[in-house]
Amino acid sequence: MKRLLGKFKCIPAFLKSNWLHILAESFILLLITVVYWRDLEILANEAFQAEELSHILLIPLFVGILLYWKRDIFKASISLDSMQKKSRNMFMDELIGLSLCLIAFLIYWYGSYTFYPLEYHLLSLPIFVSGIILVLFNLKTLKAIIISVALLIFIVPIPSEITYTLGGNLANFNTQASYIILKCFGVPATLNVTYGSPTIMLTKPQGQSISFTVGLQCSGIYTLTAFFMFAVFLLAIVQTSAIGKVGIFILGFFIFEALNILRITAIVSAAYIFGEEVAMLIFHSAAGLILTFIGILATLIASEKLLKTKVIIGRNEAPPCPWCKRLQEKFQNFCLNCGTHSLRETTQNQSHHRQK
Amino acid sequence: MSLKNLQKLLLVLLIAGLTVSVLSAVAVKAEEGTISDYDNVKAEQVINDINSTVSSSVGEGEIKYDQNYTTYRLTVSPPSVIIGNPVTATAETDNRRVTHIIFIWVNPYGVIKKIETVSVSGDNWKTAQSTYQPDKLGKWVVFALFVNANSCRWLYAMRWNCFEVTGITQQIPDFPVVGTAGAMTTMLLGLGLFLNRKRQKPI
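Protein chains in written order, with my numbering: chain A, 1 to 356; chain B, 1001 to 1203.
Extracted from the complex, chain A is given alone in its bound form (with noise of 0.2 Å):
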């Protein structure tokens, strides 16, 4: 209880030392609203009605424990950008910043005279909050949330035209996919691709035929937009080189596409042993949210053993930073590098001051 009421405590504290950044990042969430409200309005309303844009919905929840595991590397290069104010480069964030923003306004309004206001409104928000903490901050706090900041462009709903051309063309890969291996499987299925999304045509031993149609509901391209999201957070938590890091979304495309295939070719082949109704009731409806489990669960695993990538989640499971020994050495608190190991000792040798 004591320990509470001591953290309490030091909220006053905290706000008086940091006044300036709470203030500069109200004024960044006040100026998201202002802008786009009625954009965020409408995008609230659609994900909450479609269900292949529901995972915007949880988009605030990953950007939030984002910027909570990233708080000390924020911290600390707020205070650097403090220290180095004097430096030569000091208005060439701001410079940056100010044409980010511009971009940002001449995306929006150029959106706003097209048949897709709301994707190009959208679109413009991430580089206007990239613009935004560049004027407001610094590159290296620009550089710190980046994933976050990256993450906001999941919020852009697919015009209907690239997910129609995209999700069809997947979807005739993976009906054609399936196709083959229930042939090699000996299953009395035909294929039909002419017209509309394909269909496997399967003749039970009654003679009874039974359709199965893979259209843009069922050509994964709903899977692969929640894996790419996931990939883009999984960045922000995973070690490893930039190689391997694309290497995660190139290894989770084959292991949820294959997963796909598998999904189609065991919803047919359980028709043709159970039925249709088993087929339909049991396998269809589980059968994505338990192939996605054992896929995002592949790709880990496999990106550990190929890719050797580490995730690592909260600073204590963090390694020290390489470069922290060599650049205290240089700037005698500071880690240019993370800041986050170098910033608690400067905090602590700070209050020491004080208190003597």
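Everything labelled a hint here was simulated from the structure, so no lab data went into it. Be careful, since some hints might not be right.
Interface residues of chain B toward chain A, partial, derived using beta-carbon atoms under 10 Å [to be verified]: (1) L1014; (2) G1017; (3) V1041; (4) V1058; (5) G1059; (6) E1060; (7) I1063; (8) Y1065; (9) V1111; (10) K1113; (11) F1175; (12) M1184; (13) M1187; (14) L1191.
The list that follows gives simulated cross-link-like pairs (lysine-lysine, DSSO-like), each with its CA atoms no further than 30 Å apart [to be verified]: (15) K308(A) - K70(A); (16) K1136(B) - K143(A); (17) K70(A) - K245(A); (18) K310(A) - K1198(B); (19) K1064(B) - K1113(B); (20) K1136(B) - K245(A); (21) K1198(B) - K70(A); (22) K310(A) - K75(A); (23) K143(A) - K310(A); (24) K1064(B) - K305(A); (25) K70(A) - K143(A); (26) K1113(B) - K1198(B); (27) K1198(B) - K308(A); (28) K183(A) - K75(A); (29) K1113(B) - K1136(B); (30) K1064(B) - K1114(B); (31) K75(A) - K305(A); (32) K1113(B) - K1139(B).
We treat Cβ as the ideally placed atom computed from N, Cα and C, and that holds for glycine.
Take the given structure of chain A and dock chain B to it, following the hints.
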């Protein structure tokens, strides 16, 4: 890559982005020109009339910009449609001076989704048709501008009509009810299990 190089790279990217953005902004002008000024009415007034009609939610109506000619019709078929299916708007008039009809399709959020200019056909009754596949649920509005685009640019009237777009329960079979949010949550659970498995692993 050092921080300085990164800044230089960002600056180059920004200049390129700005150039592209400015060029695209110039290109917008052409698209804007679809609803252009007429000799009797300014485009701004037409856009204002469209906006006020959409916000007023009046199902059907007409605004006349020239009082000499009286009969204008606009029918929408079918008045209620399932999402993704085509809707046809047919505009008719006995005004012989009308040469073109401009159809404007506005979605439930008040966003113009399609502008199509169609030449009229027929002798006594001039007719024109436009078809669109709505992609959003709710009440859509279609406007028809009756114009003469040959000798003089003259706007005679604007009629509008509504139609309802209804949905069939479009479920993602992979993730029924839960949608992509369910997929994300499942992935988060997978990550949790992966981390837990690693923690329990003896060193």
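Going through the hints against the structure:
1. L1014: This interface hint holds because 4 Å falls under the 10 Å limit.
2. G1017: 5 Å, holds
3. V1041: It is violated, given that the least Cβ distance between V1041(B) and chain A is near 20 Å, above 10 Å.
4. V1058: At 22 Å from the nearest chain A Cβ, V1058(B) fails the 10 Å test, so the hint is violated.
5. G1059: 22 Å, violated
6. E1060: 24 Å, violated
7. I1063: 23 Å, violated
8. Y1065: Status violated, d = 24 Å.
9. V1111: With a minimum Cβ separation of about 6 Å from chain A (threshold 10 Å), the hint on V1111(B) holds.
10. K1113: For K1113(B), the interface hint holds, since the closest Cβ of chain A sits about 5 Å away, which is under 10 Å.
11. F1175: F1175(B) check passes; min Cβ-Cβ to chain A is 5 Å, inside 10 Å.
12. M1184: 5 Å, holds
13. M1187: It holds, given that the least Cβ distance between M1187(B) and chain A is near 4 Å, below 10 Å.
14. L1191: Constraint on L1191(B) satisfied, holds at 7 Å.
15. K308(A) - K70(A): 23 Å, holds
16. K1136(B) - K143(A): 38 Å, violated
17. K70(A) - K245(A): OK: K70(A) and K245(A) at ~19 Å, within 30 Å.
18. K310(A) - K1198(B): 11 Å, holds
19. K1064(B) - K1113(B): 24 Å, holds
20. K1136(B) - K245(A): 37 Å, violated
21. K1198(B) - K70(A): Holds, at about 22 Å.
22. K310(A) - K75(A): The given pair, whose Cα atoms are some 24 Å apart, holds under the 30 Å limit.
23. K143(A) - K310(A): 20 Å, holds
24. K1064(B) - K305(A): Status violated; Cα separation ~72 Å.
25. K70(A) - K143(A): 11 Å, holds
26. K1113(B) - K1198(B): This hinted pair is violated, its Cα atoms lying about 51 Å apart.
27. K1198(B) - K308(A): Distance ~14 Å between K1198(B) and K308(A) Cα, so the pair holds.
28. K183(A) - K75(A): Outside the cut-off at roughly 60 Å; violated.
29. K1113(B) - K1136(B): Satisfied, since the Cα-Cα distance of roughly 11 Å is no more than 30 Å.
30. K1064(B) - K1114(B): It holds: about 22 Å lies between the C-alpha atoms, which stays within 30 Å.
31. K75(A) - K305(A): The hint is violated at about 34 Å.
32. K1113(B) - K1139(B): Holds: K1113(B) and K1139(B) sit about 13 Å apart, inside 30 Å.
Going down the numbered hints, you'll see the structure goes against 3, 4, 5, 6, 7, 8, 16, 20, 24, 26, 28, 31, while the others check out.
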